[in-house]
Amino acid sequence: MKISCTKEQLNHAVQTVQKALATKTPMPILTGIYLSAFEDKLELQATNYEIGISCIIEATIEEPGTVVISGRYFQELVRKLPGEIIEISSSAEDRTIQITSNQAQFNLLSLPAEEFPVLKKPTSDTVINVKDNILRELIKKTVFACSTDESRPIFTGGLLEINQHEVNMVATNTHRLAIKKDHLGHNTDSIKMIIPAKILNELARIMISDVPMDVTIYCQKNQVSFAFDNIYIISRLIEGQFPDYNKVIPPSFATTITIDTHAFMDAVERVSLLARDGDYNIIKLAFKNDCVIITSNNPDIGKACETVTTTVQGNEVEIAFNAKYVTDILKNISSEQLIFSLNTPLSPASIKPIDDETYNYIITPVRTN
Amino acid sequence: MKWTDIIGHKDQVTMLRHMESSRRMPHAVLFAGPKGIGKNLVANVVAASLLCSDQEERPCGRCHSCQQISYGSHPDFLHIAPDGTNIKIEQIRMLQQELSMASFSGQRRVCIIDGAELMTTQAANSLLKVLEDPPGEIVFLLLAANKQMLLTTIISRCMVIAFQPLADELLAQDLMAKGYLPETSEVAARLSSGRMGIALALLEPEGLALRNQALEMILKLMDSKLEAVWHSAGVLEKMERNDILEFIKYVTYILRDILLLVTGQGKQWLFNIDVAEELCEVADMWSERRLVTAIRAVETARRALLANANTRLTSEALLIRIYDLAREV
Chain A
587 MKISCTKEQL NHAVQTVQKA LATKTPMPIL TGIYLSAFED KLELQATNYE
637 IGISCIIEAT IEEPGTVVIS GRYFQELVRK LPGEIIEISS SAEDRTIQIT
687 SNQAQFNLLS LPAEEFPVLK KPTSDTVINV KDNILRELIK KTVFACSTDE
737 SRPIFTGGLL EINQHEVNMV ATNTHRLAIK KDHLGHNTDS IKMIIPAKIL
787 NELARIMISD VPMDVTIYCQ KNQVSFAFDN IYIISRLIEG QFPDYNKVIP
837 PSFATTITID THAFMDAVER VSLLARDGDY NIIKLAFKND CVIITSNNPD
887 IGKACETVTT TVQGNEVEIA FNAKYVTDIL KNISSEQLIF SLNTPLSPAS
937 IKPIDDETYN YIITPVRTN
Chain B
-1 MKWTDIIGHK DQVTMLRHME SSRRMPHAVL FAGPKGIGKN LVANVVAASL
49 LCSDQEERPC GRCHSCQQIS YGSHPDFLHI APDGTNIKIE QIRMLQQELS
99 MASFSGQRRV CIIDGAELMT TQAANSLLKV LEDPPGEIVF LLLAANKQML
149 LTTIISRCMV IAFQPLADEL LAQDLMAKGY LPETSEVAAR LSSGRMGIAL
199 ALLEPEGLAL RNQALEMILK LMDSKLEAVW HSAGVLEKME RNDILEFIKY
249 VTYILRDILL LVTGQGKQWL FNIDVAEELC EVADMWSERR LVTAIRAVET
299 ARRALLANAN TRLTSEALLI RIYDLAREV
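Note that the protein sequences, when read in sequence, are chains A and B.
Under our numbering, the letters of the first sequence match residues 587 to 955, in that order.
Under our numbering, the letters of the second sequence match residues -1 to 327, in that order.
Derived from the structure by calculation, the hints contain no laboratory data.
Quick caveat, the model's predicted, so the values are computed rather than measured.
Among the hints, a few may not be true.
Below, a list of computed lysine to aspartate or glutamate pairs in the DMTMM-like style, where the Cα atoms sit at most 25 Å apart [as the list claims (entries may be wrong)]:
(1) A:Lys610 - B:Asp52
(2) A:Lys717 - A:Asp941
(3) A:Lys610 - B:Glu88
(4) B:Lys145 - B:Glu276
(5) A:Lys874 - A:Asp830
(6) A:Lys778 - B:Glu96
(7) A:Lys707 - B:Glu18
(8) B:Lys86 - A:Glu736
(9) A:Lys605 - B:Glu96
(10) A:Lys807 - B:Glu135
(11) A:Lys610 - B:Asp81
To spell it out: a stretch of chain B is covered by chain A in this simulated footprint if at least three of its residues, at any positions, have a beta carbon under 8 Å from a beta carbon of chain A; those stretches are [to be verified]:
(12) 70 to 82
(13) 90 to 96
(14) 99 to 105
Cβ coordinates follow ideal geometry from the N, Cα and C atoms, glycine included.
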């Protein structure tokens, strides 16, 4: 193989695929980045069998071929190379790869390319197109609610549900649940799949275009692929049945509060400073007389109390929550005001932006005596 | 990797092949049998054939899956082996995490747990859940040298297949077929008690070093003064515990061979056939009764060492005993 390409493009591609490099693995080949040169294109791939990323860039190909190069070193050296143009050539005899840029020259040992599990370009009967800004929004607004506890794997992923022209993303750790809905411009097949949170976060990080573009989702039985621009990402799915989240959302509420998002968030963050030490990170909210009194009490440290004015409709309620679960959602609400809906001190409550019916967050209270 | 690579174990192989070809492989199989007997090879062949995509002959060695297995990079072939001295709960947790995801190929997976008896109790208990209710299609192959050390709850969830040592002649023949010299193959086959893995280790350069050391020590005890005891005990003290146990095993073998010679059984049953002459020379010094006593003393020492007795004291006591027994009239 013998090619040359710009440093900017190569660096972008390497930084994109390196997220899929395996770190701790008994299979050394997975720590490598696969380079394949063909028809004026250079394709980079990395996979750890959980996620696989491929990125294609333009390059001048003098001699086509494939090599696998140690991901860790390639990534660092590409970032630090001095010139604008990078030349890469491989020699089959001594199994090395020569990387040249300006006066700098590196010779890296190659890994056996025939052992690399090459990612196949996704194909599937079920293909769905979504705009990347929609997908990014779906991910960012929900995936933070996923569980990190590996003992119940089903909650470590987000549920992507597409039904005709509706698309939903749901994430829960059984104590809180975030759901975001959106519309597709067109009718498609219905699908339901649980995608690992790690991969969704990675996807949201890679989709950084300024102009909305199409993301093509290819669904298969055991994996899902997202293709956009010159990149495709393949992920394995989490197996199992996602619980029926509609049952968790209370159909009606006895108390509805409208409150300023920023004032509320700042107050909750301040009060929770004293709560943080305990296991449950508890803050108490008392809604009455058109204000909310937020308190926390840590016997070892002290107490905090703050009042924020609101409009309270319905019964007066006193309720306690895990402060982290409250601040997590407040950070994701972009509207000026939000609606906090409650029933009783021991039944789930809902928090959602005032102007957005498509976003909802259900939070279960903490029992305090 | 092919079925024909497996030496012996005919019944087991026939049964496994039959289960595989009729697609009736149980989801958990426990291979029980001494270390070095070939369980791992059989398990690998079973795994390869379960994952192979060929219609006729599995494993075919040509398809994508077979190639990935030979590179050691098959995504649906999981292999767990002791990390240090145990299989730890983190390893089983990693396995559960891996299994929570759909298989890479969308088809079945195979998981080999080598040294299953070395799982910590916590790890074993954590494995129970997946073993009882495996997510998706998966076949677990557990390999254990000491089945008794496994939790009964694990054993009861597996189909147990016992592996026996191979016949010496079969082993020797195969070693010769592999290109080893007939004489050394013969010795290795006899000393390994029918275990291919051990026989191959013995055929390595220096593979017989411990045996030779044991022989040298016994010969020395017989023709020199009591000083030999202190010298040899000093050597033994510096060895690793496993090496000492191995060393003691060879002492037993050598005494047993002398016993055969003393009782006039002829040379054909000797383990240490390569040093038969040296053994014949010292055989006159011994009587049947004293040899049996000596072998008992070795066994007592072995048990003491297994129970963490002091190496120096145990080996001195043993050597003095053998020294005395060799001179008793």
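25 Å Cα cutoff - pair lysine 610 (chain A), aspartate 52 (chain B): Violated, because 32 Å separates the two Cα atoms, which is more than 25 Å.
Next pair to validate is lysine 717 (chain A) with aspartate 941 (chain A); report whether the Cα-Cα distance is within 25 Å. Holds. Lysine 717 (chain A) to aspartate 941 (chain A) sits at ~22 Å (cutoff 25 Å).
Distance restraint between lysine 610 (chain A) and glutamate 88 (chain B), which requires alpha-carbon spacing of 25 Å or less: holds (14 Å)
With a C-beta cutoff of 8 Å, work out whether three or more residues of the region 70 to 82 of chain B approach chain A closely enough for the coverage to hold. holds (count 4)
Does glutamate 96 (chain B) sit within 25 Å of lysine 778 (chain A), going by the straight-line distance between their CA atoms? Since the Cα atoms of lysine 778 (chain A) and glutamate 96 (chain B) sit roughly 21 Å apart, the hinted pair holds (cutoff 25 Å).
Taking only the CA atoms, is the gap from lysine 86 (chain B) to glutamate 736 (chain A) under or equal to 25 Å? Given that 25 Å is the threshold and the Cα spacing comes to 16 Å, the pair holds.
Is the hinted pair lysine 807 (chain A) and glutamate 135 (chain B) satisfied, with a Cα-Cα distance of at most 25 Å? Distance ~14 Å between lysine 807 (chain A) and glutamate 135 (chain B) Cα, so the pair holds.
Next pair to validate is lysine 874 (chain A) with aspartate 830 (chain A); report whether the Cα-Cα distance is within 25 Å. violated (34 Å)
For the pair supplied as a hint, lysine 145 (chain B) and glutamate 276 (chain B), is the alpha-carbon distance within the 25 Å limit? Judged against 25 Å, a Cα distance of about 39 Å means the pair is violated.
In terms of beta carbon proximity below 8 Å, does the region 99 to 105 of chain B have 3 or more residues touching chain A? holds (count 6)
Would the hint linking lysine 605 (chain A) and glutamate 96 (chain B) be met if the CA-CA limit is 25 Å? Satisfied, since the Cα-Cα distance of roughly 18 Å is no more than 25 Å.
Pair hint lysine 610 (chain A) and aspartate 81 (chain B), alpha-carbon separation not exceeding 25 Å: holds (14 Å)
When held up to the earlier numbered hints, the structure conflicts with 1, 4, 5 and 7 and fits the remainder.
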